Amino acid sequence: MPLILPILIPFLTAALALLGWRSLRLQRWLGVVGAFALLAAGIGLLISVQNEGIRTAQIGNWPAPYGITLVADHFAALLVLLVGIVGSAIAVYSLADIDEPQQSFAYYPLLHVLLMGVTAAFLAGDIFNLYVWFEVLLIASFVLLALGGERPQIEGAIKYVTLNLISSFLFLTAVGILYGAVGTLNMADVARKLQTLDNPDIVTTLAVMFLVAFGIKAAIFPLYFWLPASYHTPPAAVSAVFAALLTKVGIYSLIRMFTLVFDHAEAPPTFPLILVLAGLTMLTGVLGAIVQDDFRRVLSFNAICGVGYMMLGLGMHTPLALTGSIFYMTHSAVVTAVLFLIAGNAHLVRGTFRLDRLGGLAREAPWLAVAFAIAGLSLAGIPPLSGFVAKLILVRAGLEAGEHLAVAIAIAAGLLTLYSIARVWDAAFWKEPPAHEVPIERIGGEHEPGPLLPREKFLLGAPVATLVVLVVIIGLAAGPIFSLADAAANELMNPAGYIEAVLGGAS
Amino acid sequence: MEILLAIVVGCLVATGLYMMMRRSMLKLAIGLSLLSHGANLLIFTAGGLTRGQPPLIPQGETLPPAPYADPLPQALILTAIVISFGLLAFTIALIYRACHVTGTDDLDQLTTTET
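Line by line, the protein sequences are chains A and E.
According to our numbering, the first sequence is numbered sequentially starting from 1.
According to our numbering, the second sequence is numbered sequentially starting from 508.
Just so you know, the hints here were simulated from the structure itself, not pulled from any lab data.
These figures come from a predicted structure and were not determined experimentally.
In this text, a Cβ means the ideal position worked out from N, Cα and C, and glycines have one as well.
Treat the hints with caution; some may be incorrect.
Claimed, not checked - Okay, the calculated beta carbon distance ranges per label pair:
{"#": "1", "chain 1": "E", "residue 1": "Ile537", "chain 2": "A", "residue 2": "Thr466", "range": "30 to 40 Å"}
{"#": "2", "chain 1": "E", "residue 1": "Tyr525", "chain 2": "A", "residue 2": "Pro319", "range": "42 to 52 Å"}
{"#": "3", "chain 1": "E", "residue 1": "Leu563", "chain 2": "A", "residue 2": "Ile43", "range": "39 to 49 Å"}
{"#": "4", "chain 1": "E", "residue 1": "Leu512", "chain 2": "A", "residue 2": "Ser104", "range": "29 to 39 Å"}
{"#": "5", "chain 1": "A", "residue 1": "Ser483", "chain 2": "E", "residue 2": "Ile537", "range": "25 to 35 Å"}
{"#": "6", "chain 1": "A", "residue 1": "Leu399", "chain 2": "E", "residue 2": "Ile564", "range": "53 to 63 Å"}
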C-alpha cells in the first residue's frame, strides 16, 4: 500500500483541484496540502523500504512479468522523498510567485500531474510503464512551461517540446526493438532474459538507443541544448521544479537501465563512453555558466554541470561511485531548487533576471544574500556543505578506480563553478545597483517591482529558508544520508536482489 | 512482409526527420507526427507478424492454439497512439500560439531567448 500512495496522492490532488476549477482558493489549499501529503508518503515509503527491503506491488494482482509492477528500492524511495521535499517547497512558494491569472489556468493541477509523473517514473518496474509516466510528466511540463504565453516562453517551449518528443520517439523505438528481442518489458524479466540472449549486436544497439533517449532527458553532452534555451523562461517556481526534478528522471532512468539491464559480462562498452560524456558535460556546463548574463541561465548551465557529476558515478560503475552519484542527486535536487527560488526572489525584488541590471541585493535583501551564499558555496563544493560531501565521494571513488583524468575534470569543474557563483554574487548582490536608465531592450519577464506584502514575504522566504537549512543538514549530518545512498548503490550493483524481489523465486 | 514494413518504417522516419529539418513550424509538427507513426509501426513489426490467427481462447481451454498473433504490441501501440495524439494536439496549439506571438512561421527567428 505505501507503494501506490506517492502516485495516488498527486493524482487525487490534481483531480480534486480540477473539480474545484471555479475556486482558486480551493485549488491553492489542495495544492499545498497534497504536496505535504506526498512528502509524508515519501517518508513512509523510505521507512518501509529501510525496514523491509525492496518493496514491490503488482497492480491488479497480475503476477510479474505479465502485469504492471511497481518497485521501490532505496534508490527509488529516496528520490520519491526528494520529490516530496521539492514539491512542498514549490507549492508554498507558488502561492505568492505565480500570479492569479496563471494560477487560474490549472496551475496546481498541472503541478501535481507533473509530480505524479516524476514519482511514478521512479517507481515503475516496467519499461513501457516508464515510457507512459515520462509522457505524463512531459505533457504537464509542456503546459507549465508555456503557461503565461509570453514570447520567450513560447520560443523556449517549442525547442523543449521538439527535443523531448524526439527523445520519446527514440525511447519508444528502443522499447519496440527490445520487445522484439526478448518478448517482455518487465525490467527484471528483461534483465534476466538479456543475459541468455546471444546477440550482442542488438544489445549494443539497444544500449545506445536508451543512452541517447534518456541522455536527451537528462541533458548530457551533447544533447542538452534544449535546457538552457527553455529553463529560464517560465515563472521561477516552475523553472525551480523543472531544474530540480526533471533531469533527475533522465539520470534515474540511465542509472536504472545501465545497472539492471545492460550490466552483464557481454555488455557493450558503454560505461567508458558514459564516463567521457560525463566529463564533457561537466566542462561544457560550467564553461557555459561562466559566460551567461542572466541569473537563471547561469543556474541552468550549472544544472548541466551537475548532470555531469551524476553521470560520472555511473560511468565509473563502482559501488562507491554510485553512492556518490546518488548522494549528488540528493544534494543537487535541494540546492538547484533553492538557487532557482533565490533567483525568483531577486526577480521579485528588482524586476529582472539580468545580472547587469541587478546589484546591491546584499544591502536590500540581506537574508536572501545569506541564503544565496550558502546554497552557492554548497553547489561549488565548499565544506562543510552538502556539495562538498557529494564531490568528495565521487573524487574518492575516481581515485580508487584509477580514473585520474575524470577526477581532474571534476575538481576543475568544481573550481569553475565557484567562479561562476562568485560572478553572480558580485553582479547581483555585491556591486552597486546600476542607474535604472540602462538602455536595454526589454525582454520578457521584466516588470516594475512592486512592494511585497508581509504575507507574500513569508510565503516566498519560508521555502528558501527551509531548503537552505536542508542543504546545511545534508552537509553536516552526511552520515545517515551516506548510508542510505550506500544501501541504494549496493542494491544497484547487485541486481539479483531486485530481480528476485520482482519475480520471486519463479524462473 | 517484415521487410516491406521495415522499409515503410524507414521511409516514415526519414520523411519525418526531413520535415523537421525544414524551417517552418508547421512542417516541424508534421515531422513529429510522422516520427511517431514510424515508431508505432516499428513496434508492430518488431513484435512479430502472424496472419489470421487472433489470440482467442477456445471454450474450455486456457491457452489459445499456437501460433497466434501477440496482442501485447497492439496494446502498446494503442497506448502510444493515444499519447502521440494528445502531444500532437498540444504541439499544434503551441505552434498556433507561437505564430500569433512571434508573427512568423520561421524557426530560425526564434532567437530572443538566446543571448
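Okay, the hints, checked on the actual structure:
Take Ile537 of chain E and Thr466 of chain A: their Cβ atoms lie about 47 Å apart, and the range 30 to 40 Å is violated. Checked against the hint of 42 to 52 Å, the pair Tyr525 of chain E and Pro319 of chain A passes, with Cβ atoms roughly 46 Å apart. A C-beta distance of roughly 48 Å is found between Leu563 of chain E and Ile43 of chain A, which places it inside the suggested range of 39 to 49 Å. Our hint of 29 to 39 Å for Leu512 of chain E and Ser104 of chain A is violated, since their Cβ atoms are close to 48 Å apart.
Take Ser483 of chain A and Ile537 of chain E: their Cβ atoms lie about 53 Å apart, and the range 25 to 35 Å is violated. Under the hint 53 to 63 Å, the C-beta atoms of Leu399 of chain A and Ile564 of chain E, about 60 Å apart, fit the expected range.
This entry does not satisfy hints 1, 4, 5, going by the numbered hints stated previously.
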